[in-house]
Each structure stands twice: as C-alpha cells, then as structure tokens.
Amino acid sequence: MNKTVPNADEAVKDIPDNATIMLGGFGLCGIPENCIAALIRKGVKGLTCISNNAGVDDFGIGLMLKTRQVKKMISSYVGENAEFERQLLSGELEVELIPQGTLATRCMMAGYGIPAFYTPAGVGTEVAEGKEVRVFNGKEYLLEHAFEADFAIVKAWKGDKAGNLIYRGTARNFNPLMAMAGKITIAEVEILVEVGELDPNEIHTPGIFVNRIFQGEKYEKRIEQRTVRKA
Amino acid sequence: MNKTVPNADEAVKDIPDNATIMLGGFGLCGIPENCIAALIRKGVKGLTCISNNAGVDDFGIGLMLKTRQVKKMISSYVGENAEFERQLLSGELEVELIPQGTLATRCMMAGYGIPAFYTPAGVGTEVAEGKEVRVFNGKEYLLEHAFEADFAIVKAWKGDKAGNLIYRGTARNFNPLMAMAGKITIAEVEILVEVGELDPNEIHTPGIFVNRIFQGEKYEKRIEQRTVRKA
Amino acid sequence: MALTKEQIAQRIARELRDGFYVNLGIGIPTLVANYIPPGMNVVLQSENGLLGMGPFPLEHEVDPDIINAGKQTITTLPGSSFFDSAMSFGMIRSQRIDLTVLGAMEVSEEGDIANWKIPGKMVKGMGGAMDLVASAKNIVVAMMQTNPKGESKLLPRCTLPLTGKRCIRKVVTELGYYEIKDGAFHLIEIAPGVTVDEVKAKTAGKLVISDSLREMQL
Amino acid sequence: MALTKEQIAQRIARELRDGFYVNLGIGIPTLVANYIPPGMNVVLQSENGLLGMGPFPLEHEVDPDIINAGKQTITTLPGSSFFDSAMSFGMIRSQRIDLTVLGAMEVSEEGDIANWKIPGKMVKGMGGAMDLVASAKNIVVAMMQTNPKGESKLLPRCTLPLTGKRCIRKVVTELGYYEIKDGAFHLIEIAPGVTVDEVKAKTAGKLVISDSLREMQL
Chain H
243 MNKTVPNADE AVKDIPDNAT IMLGGFGLCG IPENCIAALI RKGVKGLTCI SNNAGVDDFG
303 IGLMLKTRQV KKMISSYVGE NAEFERQLLS GELEVELIPQ GTLATRCMMA GYGIPAFYTP
363 AGVGTEVAEG KEVRVFNGKE YLLEHAFEAD FAIVKAWKGD KAGNLIYRGT ARNFNPLMAM
423 AGKITIAEVE ILVEVGELDP NEIHTPGIFV NRIFQGEKYE KRIEQRTVRK A
Chain B
243 MNKTVPNADE AVKDIPDNAT IMLGGFGLCG IPENCIAALI RKGVKGLTCI SNNAGVDDFG
303 IGLMLKTRQV KKMISSYVGE NAEFERQLLS GELEVELIPQ GTLATRCMMA GYGIPAFYTP
363 AGVGTEVAEG KEVRVFNGKE YLLEHAFEAD FAIVKAWKGD KAGNLIYRGT ARNFNPLMAM
423 AGKITIAEVE ILVEVGELDP NEIHTPGIFV NRIFQGEKYE KRIEQRTVRK A
Chain Z
90 MALTKEQIAQ RIARELRDGF YVNLGIGIPT LVANYIPPGM NVVLQSENGL LGMGPFPLEH
150 EVDPDIINAG KQTITTLPGS SFFDSAMSFG MIRSQRIDLT VLGAMEVSEE GDIANWKIPG
210 KMVKGMGGAM DLVASAKNIV VAMMQTNPKG ESKLLPRCTL PLTGKRCIRK VVTELGYYEI
270 KDGAFHLIEI APGVTVDEVK AKTAGKLVIS DSLREMQL
Chain W
90 MALTKEQIAQ RIARELRDGF YVNLGIGIPT LVANYIPPGM NVVLQSENGL LGMGPFPLEH
150 EVDPDIINAG KQTITTLPGS SFFDSAMSFG MIRSQRIDLT VLGAMEVSEE GDIANWKIPG
210 KMVKGMGGAM DLVASAKNIV VAMMQTNPKG ESKLLPRCTL PLTGKRCIRK VVTELGYYEI
270 KDGAFHLIEI APGVTVDEVK AKTAGKLVIS DSLREMQL
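Residue numbers (our numbering), protein chains in the order written: chain H, 243 to 473; chain B, 243 to 473; chain Z, 90 to 307; chain W, 90 to 307.
The hints are simulated quantities; they were obtained by calculation from the structure and are not laboratory data. As the structure is a computational prediction, the values presented were derived from the model and not from experiment. Any given hint could be a false lead.
In silico DSSO-like cross-links for lysine-lysine, where the CA-CA straight-line distance does not exceed 27 Å [to be verified]:
#1 K213/Z <-> K463/B
#2 K94/Z <-> K472/B
#3 K308/B <-> K213/Z
#4 K206/Z <-> K381/B
#5 K284/H <-> K255/H
Bound-form chain H, shown alone (with noise of 0.2 Å):
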C-alpha cells in the first residue's frame, strides 16, 4: 500500500472549483501550511471549507480569503481575521457558524457513517432555527446531521505511506477527525516514514482513511498568541 504523492501540489490538483472541503487545525495550529499554499497557486475559487477558524490575514485560512477562493466558511469561531470581517460584511462570503462541539462531532459522525445524532448544544438558541427538537431523559436535544465533504486535507507529525497517522500535542485536534469525514482524504505530515516503522498501537488516523500523504516541507507552525512566563 503506497499513498504517497510528491508534493502539496499533486495532493490537491483534482480539487474543483466550488467543491467543499474540510481543513484540519485550531487557530493556526496544526493545519495544513502546505495544501493550503496549493491551493492558492492553483487558484481554485468558490470554495466551501468547513474549518473551526479561518486563520489570521496573513496566514492560514486567511491567505485564502485575501486571493478571493472562498465562498462560504462553516466555523465556530472566524474573530481573528480582518480581510474577512471585510468580506463578511461586504456580502463577499458567507459565514456558517457552529458550536465547536457540534462542529466536530458532525465531523465524526460522517467518519462513523452515522448520518445523524442528537446533541445538547444551541437549544433554545438560533442555533436551533429549522432544527428538530426531541426530549431525552427530561432534557431538550437538537437533531444534527453528519457534514459531507469532497476533500478532508489534514495535518499529522508522522504518516506512513499506507497512510497511518500520528499527530502530535494539541495539533491534533479537528485532524483525525476530518481525516475520517473526507471523500477523499490528504494528509500532509511533518515526517514521512515506511511502511511498518510506527507501532500499531500508537497510530491515530488508520491508513484506511487517507488517500493521499505527502511530507510537506518549511512548516512555518506559527503561534497566535505567544504567551510565556518569566523564569
């Protein structure tokens, strides 16, 4: 089983304009810097893309929205961003917003072939508009439906070529999620490694979920809010 892709370019080169696509990452951490440059070089416009945040103006997400690719953003949170807060109230893009929560288990249950779930979150909120509301042990729940995606891109620490998963510290977060939810899934990876060098019971993504893999190269991973303490 080899997945491997030689580069960021060749993983994202059948993606059409207008289809929708999931990105992995919290903030700026842990998303796919590489893809995300394909994509801008390859100029693929209308998209729709499923991503807890939309990056900052220079970086992430972001970088998408100054070159005008994207066409609707469905997030939990989009606040650190002012070339969207400009789109946004110009009518450019559309904005769904979500609680994270919902967001990831929508994620999940599209990996599990669960069409759809019943969660807490939003009732009784707008959130709530047009939703199914059910009692369950007294309390109120919302029906929510699985996402569905044409292309999950994700970022790992390590993947091997069949595609095994490995991700690293709090990077992990919406990854192997969105790794399971994808059509088609890419992973970019920090260090690429054979076939049989990770141990099978550390691996988080199973290789069954991912399409392509490729290691990306100058992972900027750079930090939102560089907080430190003094000695």
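Given chain H, work out where chains B, Z and W should sit, using these hints.
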C-alpha cells in the same frame, strides 16, 4: 490526582445487586479478569451485563453465569458457552442481542453525551421492531440510544495513577468505549505506573473517564482459539 | 464439476483489486485470504479492531492480545493499526471497506440475506453481520447453493429471520456467480462442467441466465 | 468595596474541590487558575484537546503544537493527555467536567445566558460556549454586574441572542454571589463593603436577598 484502589475487591465493593454493568473485552481478549473474580467473591446478584460476549464455561463472564449472578446479558454474540445455553433455554437468563457495531456505538455515545443516533444496522430485521425508522439521503436508518450503565469495568495494558489508560493490540476492542460510558468506571491494568510516566500523545483513555484503577494480578489471558501455522 | 469451497474462495479472490481494504467473514470467506494474487496489496480488516491482519502465528509468536473476529490468534503485517470497536464499525458504516465477503444461510431474489438465526435453535447472535450487510458497498456472499437437506438457498424470499434487506448484489456458490438485480438471480458465470439445468434445479428464486453467460475462470 | 476581577476569580476558586476537572473560559475565568489552593489536585481541561493544562511556558519551552483554547502557548503537567475535539466535547457533554467557569454579557433570572453575539457588530462565533452551557452540570458565570454603560447584566430576560437557555445556576460579580432559582437571583453572599442597596440598584432582574445572606469570604 490518585485514583488507585488497593485491589479488585475494593474496586467493586459498592456494586449493588441488580446493577447494570459494562464489561470490556472481545471473547476472552482484554477482559477484566481480576474484577470478574472479585464480583464472584462478592456474590453480587441480578446483574445486567453489557458485554460483547459471555465468556466460555470456565472463564470470563461464564464464571459469573455458573454462579447465577447474571440476570440479563446484552451482547452481540454469545456462542461459546454451554451453561449459558442451558440457562437461556430454561428461562433463568434473559438475553438481548444487538448488532456489534450498534453495541459499540451505543457505548461510545454514552461517553460522548449523545443520547441517540441513527444507524443502518438491522433495518428490515427483527432488530428494527419497535424502533423509529428514518430516511437520510434515500437510505433507511434506525434510531438507537446511548447505553446507561451504573458501572463500567475495563482492562487496559498500562495505566497511571490518574487513570490514564493505554491498551495493547486487539485487547483494546470495547474497553475504551465502555471506559467512557459508565457512571463509575473501574480500570484494571497489567502495569500501573506513576503519574507522568505515560506519553500524553499515546493515551487512549484520558483519566477523566476513570474513577478507580488498580494493578491486577495473575493474568491468565486465556486464548479461545489457539491457531498456529507451521514454520 | 461443482466448485470446492476452496475454489469458491478462489473465484471471489478475483474480485480483489490492488489497494483494497477487505473484511472476510467466518467460513468460506476466510479462505479468500489464501488467494490474494502475489504482489497485490490487500489489507484485511478484522472488525474487533485491526487493519493489516497477517497469517496465523508461529508457535512462538502466539499473543493472546492479538486475535481476529473469530477469536483465533493471528499476526499483524507491517502498516497495521489497532483501534476500538466503534472506529472499526465506523470504517464499515462509512464504506471505507472495498469488499466484504460473508457466508449466508439464505439469500433472496431481492437481495435479502439471512445468516444469523434459526428459530428453535439456540441463537448465538448476529455479531457484526447486520452492521456489515447494512453498510457495505460491495458485498459478495460465499456459500453452497443448497443446504444439507438439498434445498436451494437462493430463494424467492428468505424463510429465516433476516440479517439485512435488499443489500446483497453478488453471490458465488459451487455452481456459479450470480448478480442480483431487478428481483432475480442473474447467472453470469457457470462453474466448469456444471449445466444450466443443474443451476435451474438448485435455484428456487427467479433465475435469469445472462445473455453473456460464460464459464467461470479461476 | 466591590471586588476586583482577581477577587471574583478568587471567590470562584473556593468552589474548587480536590480531584475536580475544570474548564475555564476566556477572561476572568482564566484567572481562577491562579487561586487553586496549594496541595489541591485540580485538572484543567482545554477544549481544543488537552487535560492537564499547566502555566504559560518559559521562553525556551514555547511549542507551537501546544496551545489552549484561547490560542495561547501553554504547558502540560504530569498526567496530562491529548485527544481530538470530538472526545473533548464528549467529556463536556457527558458531564465529566466538574466545574465550568464562563464569562457572560447577560444572564437572566431564568438562567438564560447570552455571551456570543451583539446584533450589528461583527459576529465572531460561539466557539465551544454553546456546548459548554448546554451540558455542564455545574457552571459559574464570572462577570461584572454592569456593562460599560452602567446597565445591569442581571436581567429579567436576555436582550441579546442566547447562548443557552435555563442553564446557569450560579453567578459571581464584583458585588456578590448569586444563585438562580425559581425565576430570581438569590443574593447569597455580598462583597465586603458593598450595600444591599447597591446590589438592588444594579440588578434589573428579580432579586431575592437570602435570609442567610453573609459577607463573602475570599
């Protein structure tokens, strides 16, 4: 954080008659041997056991059947046990059979706080009787509910005193799912280490889900079907 | 000559493609693993939580923590991974398994399958079979065409409690390879030396002999 | 004297118990971590996938792969674990978090909370707040009692879009500690030097002065 108890007897001492308990393991692989022995010593009666299988005549849950401690089994497959068959046919034992994927997912959903979800397993069969059928994307699904269990008893390979668990091989199976699903979760491990000795990236069950942990002893780890090939 | 069980498995192995993830049920399906063409990459899933199942272990390799869904000791191959049962059935339900091979007691001309319960006999349970048949995009049933009493197992309707409804599209028996569509068993390939009359005699459900009927290649 | 923000956090820290798992929101709630009593074991969850959050790193410890839900670089303590966002909210929804502390723009006498959206302003999103308030068994809202215009944030009904309905039972402000029940804010503790009249003047919702009203201990 120290969740250790001295031994299996202490771990299970407050499990009352007629409790609903989950027991991890697949066949005899990854079963909580020490806790099963302690439940037998304690002599608790009228248990409802959620476990994928029911052990064999002289090991695993089979031992608790022999002592007539089990009122009801909720399982996907109960095939390897003559005493089980006898009690079932005589009406001493109730059995509820559930598709294995549904069983696993109902455990997981309890841990994830999702009260109900839709799954295709069992549509058009007797498993669907009395259940809501709903169509998503042209396909029929059944509404299934998260389990409720008073106690979950699981077996892991390694654990630390804060309750973080790591499983080994296919002994993982239902254990991490049930660990998330009990009102009280008891974990027995082969190797108990100090807090800080496990790599936080490699933990399968975070300690928050585990209430009590101890290092088991004299693991037999019996093999149900010993199959070998010639060199 | 009707096929042996090994030959049924051999025919099913011809459905394999490079890069396939495959789930093999207990019985004849397990034998399919013996006929993976050399050089072809096929990854076997065991639904108790393993991708990359290898052959049975040598005596000194036996590990009680590494078993398959039939509770047999097995080995793992390079690139394998372990996971919990929920993720395992997640792979199945989200159709990441490219080929599923299952045994059956009965299959109907509508694609219904019964393989878990015989009224009056001790019921052992469905295990993962209901999840597999309800979800798999590509299932092949591997079975003998008649039961021990000589009665056809290809029926107008199943008489036994169902495992799944309208989910089977392909059946391989000792007599032939059938596709199920439009409410009939379409005989596409016939086993070498078997006559169409024999197939007709052993098929209780609606049978259509394909215009392009050919002899089965193994 | 009304409490400082640090003192609000200090009061909330008195709700902590040994062995608690705690989720602290952004703002005043974050400060609670500074007042965990010495020797008490409290594990902080960060909903982006970490249990066992430690203090900010030293300069040489900064790791871009280890951040909190506020996207700040942080450290981990012994016994910590990383997990994905679905499991993280699983812990929250299944009520494994013993204490959740959140800020708010408005709280109503019925326990409704609004803290994510101001009509006419850029809406940044609810993040994890809706999941947290809908699920937590024990939430304390930490906030100032009035907004910058001097208007009460303890209201008969929220005027802003809700984050959650009937989910808040405890509020700590610079003036006091309130329990919400039976459609009213019950003043249980009053900040040292604050008068009941001041509390009344700054509470727009129904206020009940507890029979056992006491001065807040920090």
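Results for each hint:
For the proposed pair K213/Z and K463/B, the alpha carbon gap of about 23 Å is at most 27 Å, so the pair holds. Between K94/Z and K472/B the CA atoms are separated by roughly 22 Å; this keeps the pair inside 27 Å, and the hint holds. Distance check on the hinted pair: K308/B and K213/Z sit about 18 Å apart at the alpha-carbon level, within 27 Å; holds. A distance of roughly 25 Å separates the Cα atoms of K206/Z and K381/B; the hinted pair therefore holds under the 27 Å criterion.
Simply put, K284/H and K255/H have alpha-carbon atoms about 7 Å apart, close enough for the 27 Å limit, and the pair holds.
Of the hints listed earlier, there is not a single one the structure fails to meet.
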